[in-house]
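Enquirer: Residue numbers (our numbering), protein chains in the order written: chain B, 910 to 1221; chain W, 9 to 334; chain L, 742 to 1112; chain U, 568 to 864.
There could be a bad hint or two in this list.
Below, computed lysine-lysine pairings styled on DSS-like, alpha-carbon distance capped at 30 Å [as the list claims (entries may be wrong)]:
hint	chain 1	residue 1	chain 2	residue 2
1	U	K822	B	K1038
2	B	K982	U	K764
3	B	K1038	L	K1086
4	L	K881	W	K20
5	W	K233	L	K783
6	L	K980	W	K248
7	B	K1038	U	K779
8	L	K1086	W	K233
9	U	K764	B	K964
10	W	K111	U	K822
Per the computed footprint, the stretches of chain B lying under chain U, defined by three or more beta-carbons under 8 Å from a beta-carbon of chain U, are [what the hints assert, rightly or not]:
hint	segment
11	1007–1020
12	1087–1093
13	1140–1149
Just so you know, these hints were derived from the structure itself, not from any lab. Note that the Cβ used here is the ideal one computed from N, Cα and C, for glycine as well.
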Amino acid sequence: MFSALKKEKRIIPAVDDISFYLKEKETLGLVGESGCGKTTVGKLILRLIAPTDGKIVFNGVDLLNLRKSELRKVRSQMQMIFQDLDAALNPRMKVRDILKEAISVYEELDYYGMNKRISELLNQVNLKKSKLSNYPDELSGGEKRRVGIARVIAVKPKFIIADEPTSALDVSIQAQVINLLRDLQEELGLSYLFISHDLRLVELISNKVAVMYMGRIVEMGLSGRIAHKPMHPYTNVLWSSLTEGGEKTISVSRLSWQAFDFERPVTGCRFHPRCEVFKARGNPKECADPQNEPKLTETGTSHYVACHFPIL
Amino acid sequence: MKYTILWKPILKLVLREFFIAILLLLSVSILIFSILKLAPGDPLHIFINIQTQNPEEIAAIKREFGLDRSIAVQYLSWLNNLIHGNFGNSFRTGRPVFGELIKVGVNTLILTIGSMIVTLLIAIPIAVISSLRRCPFLSWGLTLFAYILSSLPVFWLGYIAIYIFTKKFNLFPFLSAGAASGFRINWIYFLLPIIVLGIGNGSISEIIRHMRAQLERVLSEDYIKAAKAKGASIWRHSFKEGILIPVTTMIAAKIPFILGGAVVVEQVFNWPGMGRLAWQAALDRDYPVIMGITIFAAVVVHLGRLSQTIVFAFVNPQTSEKGEAA
Amino acid sequence: MEKKKVVINEVLKVEDLRTYFYSYAKEAFIRSVDSVSFSIRKGEVLGIVGESGCGKSITAQSVLGLITDGPGIISGNIFLTHNGKTINLLEGLPDYVSVKTKRKAILEIAKDVTGWLKRSEILMKGIRGKVISMIFQNPKSALNPFITVGEQIAESILLHSSISAKKEAIDAAAKWLERVQIDSPSMRLYDYPFGLSGGMCQRVMIAMALSSEPALLIADEPTTGLDVTIQTKIIELLKQLKEELNLTILLITHDMSVIMQLADRIAVMYGGRIVEYGLKREIMDSSSFIRHPYTIALLNSQPTVEEIKMKERLRAIKGDVPDTITLYRGCRFYERCDLKNDRVKKKCKEAEPEMIEIGVGHYMRCYLAEG
Amino acid sequence: MRTRYIQRGAEVSEFSQIPIWRRANKKDLIQIGFGLFVVFFVLSSYITAVLHLLPYDPLKINLKEMMQSPDYRHILGTDFMGRDILSRIIVGSQAYFMPGLLSIIIALFFGIMAGLVSGYNGGMTDSIISYILDLIDSIPKMVIILLAIAFFRPGIYFIMLIVGITNIPTVASLIKSKVIFLKKRNFIEAGKALGLKTRDIIFKHILWYNCKAIVIIQATLGMAEVILIETSLSYLGFGVQEPEPSWGNMVAAGKDYFFMGDFFLSTAPAAAILISILGFYLLGDGLNNLLEWRRKR
């Protein structure tokens, strides 16, 4: 159903040579540290940012060749939940107006039809009816998020890009939102591109997971395998930073503090300055060789990894 | 110990602003020159009416003023003169505009800058007090008071002031002062217009509104709370963003406004400044003088903006950093 | 006001703290912190955990006296012990103090407010940053964007230590930067905060807070909004510093996993009240026979490894955080509670449960804990 | 302390459900009330003029009743030509109101357009528009007006047209910074992602929902400024000419009697100027606070 290949090259390549595909009713998790280009990927797919080069195929149509009017039609099939809770909610509009507007983008409904549709949406996202006459400022974080989701599903999309939908929320509310997203997927047959830095949630909600580092996918595969048998050193470090059941802490102290810096590009494998394997192997030359950046290669059943020395 | 003032980006930023200012000044001069040429009526009507109707003589006068050439050539020669400090001669007095401008320009600048200071002295404390929200009714009262001050018509305020100081206190004889008897150095006479224009220029309310909004925003920033939590003075931490930047912005933005107010105040007080000159020139259609004043005013406005840019560049590390990137 | 005996090794003891704000629009009090008591011993980490809006940040800010705006009420006792001396930060506070207001109803309860506020400011001046330091949720916005990092740390050092020369203070700042594991600290000193990453800013904040060697560090959501890898490293850094310097920390977070890694003692807050309070091992011990339903719900809302593997439905707490304006007759958690049974249901609805001790130093506010 | 127990299930009314006059600050309401009074006064001057309700003909010279102090026949007294001051003040407000409206409409319309376009598009369009606006902003307003007077000898409407043009940059820069601020909040992008038309985003979301306060406060400030400029010009002898009344030339006409101890001739119109400028300031401030939701906790 969906396949993409894009390449964005500015002075700083935010997203560089990424390919993945997504089947119907499937969820692809996209994981990485902040600034690695996850959000850019989402915006590229929606064509909110124009990619420099590449192909985005949706339902067999290449989005990059579409004209504006055609693109608008396709957008009703694809929607995005923004990371920022307030992003989609005009602070001066009441919740009812926000939903009404979203509905009327692609549907013409009369007064009763509109009311019916609004209450249907409210049911779908478990929102109280009394909140309709509130301004976004008066809602709690969880409610805002649910209004955001209602606004997105109002246009009846098939594919939703969820950009860190839980990052600004409390843990208890996160669980609500995740449950809601999963319910909606079943109910409406949605596909998700789930962008997050919370690895547990990604593992839980996705069928496949792609791990991004510095604008590139370094590992991709089924979520269970990525989580429990990671092959790329970076994925390994990411997952080990999770702590479980209280006392058990796995140290990430070996991963240096220094986040990557796009302005000082690394030659060769982008991860090698922070890489454990690189150091353990006595700094092999291949890793730093600018001509020899590791390509994403298939290593098992639908498992891809971009590393010279994957952990086996 | 070295502090990282990044000179290069600041210089770059200032230079860029400077070039834009030059470009704008050129555009202004072209614009006014074209209006001058397109305006109805012959600029030489003063001479022509007084002197002969003989076409040859008119042609001679035209040649003398260079009016027989094409507009572009005229403009270029005017520009050339301008660069050499020659604004042409006044139609009315026949004296060079430049010298006259410098003479009155200084007076007007004194008036403008002085009254700007007076305005700020009134506006800043009120803005600071009302942004603290310590005592809502005091700050509301002060703000109302400031609004009333800035709604006072400046010419009437001028008369009140003159009346009080001449009639009641007999500090100086009103009618003998002024341009005719030369500029009398009398400190009251000197200060009065400055204070009157400072109060009545109508920008106090706007300065307060802007400053209060900025200061309130800054005081509610996280970093002010953090500064308070570590026991540091919140004023030290909010000074740059909360006071220095809005004040500079307002000074640069209000200079043109106060220059305009100076026209009226100079009329009221017989202050021999640019405003009076402009008023006289407008009455007489003295084009070279009007042109000169316009250019002069534009230069002052841009000097204000340039100083704003410099302050910003020094205060805000981000601008200088951006300047480096650009 | 009778002064209770304070145990010597308690650095901070908060008794019956109330922080209310008055809402003009709704003409009612917002009871952000409603009768909260806890204490922190030296070298101990107390974690306050709860959903956003439960009043945990307001508690911390009340301790530091940072709440000055808006009409409202602060009451209770906050005993701070430092260098063998114990002072009450809310000393001389009339029963209820209203901060700046015009409303009659509030004026009635306001006595000697301005005088107290002034005294309190003088008192707090010697305490803020010196005895109690604080680090904030959003490190990037908590650093002054117009002042270099080095100068900001040096300012704190100059204010609170014997160092009075600026040059020495800068050197000391560099040392602190090194201590929080920042690379090439002498260069970072001259950086402005906007050029630094979130993790770096948080470490600068920590360095700034610790540079005055405070008796108590308040960490208000120190890891929220940071990357997972950075979060883990910040927690580790705090742990390390705690051991090195024998820090006393009041840790405020909504993330149970952070609490589990750092805290010795836990206070669970809900709707402005502490609903459970005790040592971590008591509360987290799965064999412990009883826990507050809210604590259980909070713990459960975080998926376990098994749940993730089986892709089970998450056990979310239903409903939303209660507003703190409404005065509920019964238990504040009643609507969202899954564990209420027929035995206590009626009681839960009728009156709010009292805090009762169910173990050694383990308190709980729930009828289920009763007999 | 009085405590109010609220029944379980009953909700405290939300901010949005409280009517606007109850959630507003009382001071704002006072300000707005005062401002509306001034606007009403100005509007009523047109009605009185149309319906011939003026107490006296403002232009009628009556040398028998020169320089009278206020009494029951002439509520504000008469001027040096025996004309009724009250009538002249009422009619004098017409000197600025309609021309002022013209200037405000010009400033707002072009300012909003320029601000929206340059803020939304950015890049080259923004640079060009900013350059033009900077050009207008380079010369002080008063100098431009004097320039126009010197060259064209225009009427009040033409002058107000120029005032309107000189106000465009202010409005444009305010709107532009608002658009840029909103862009940062991502909801332009969110609107695009939803499939809204660019036109809807710009006019509905940005202009209608988020720029109302700016537009209103600029309109009222513009009116205050218009009064200032018109009276100043009339005072200088460039605006409305005698015998047509304008507050500015009334003050100017009264100034000579000032030093003879007769304040009233120029003080009455000056007070009218003061009150009306103040009225528009306060109206703008109050409406701004109301619309910007300066809410109390």
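Enquirer: If a hint holds in the structure, say so; if it does not, say that too.
Expert: Comparing the hints with the structure gives:
no.	hint	verdict
1	U/K822 to B/K1038	violated (67 Å)
2	B/K982 to U/K764	holds (12 Å)
3	B/K1038 to L/K1086	holds (27 Å)
4	L/K881 to W/K20	holds (28 Å)
5	W/K233 to L/K783	holds (26 Å)
6	L/K980 to W/K248	violated (36 Å)
7	B/K1038 to U/K779	holds (28 Å)
8	L/K1086 to W/K233	violated (44 Å)
9	U/K764 to B/K964	holds (25 Å)
10	W/K111 to U/K822	holds (29 Å)
11	1007–1020	holds (count 4)
12	1087–1093	violated (count 0)
13	1140–1149	violated (count 0)
When the structure is compared with the earlier hints, violations turn up for hints 1, 6, 8, 12 and 13 and for no others.
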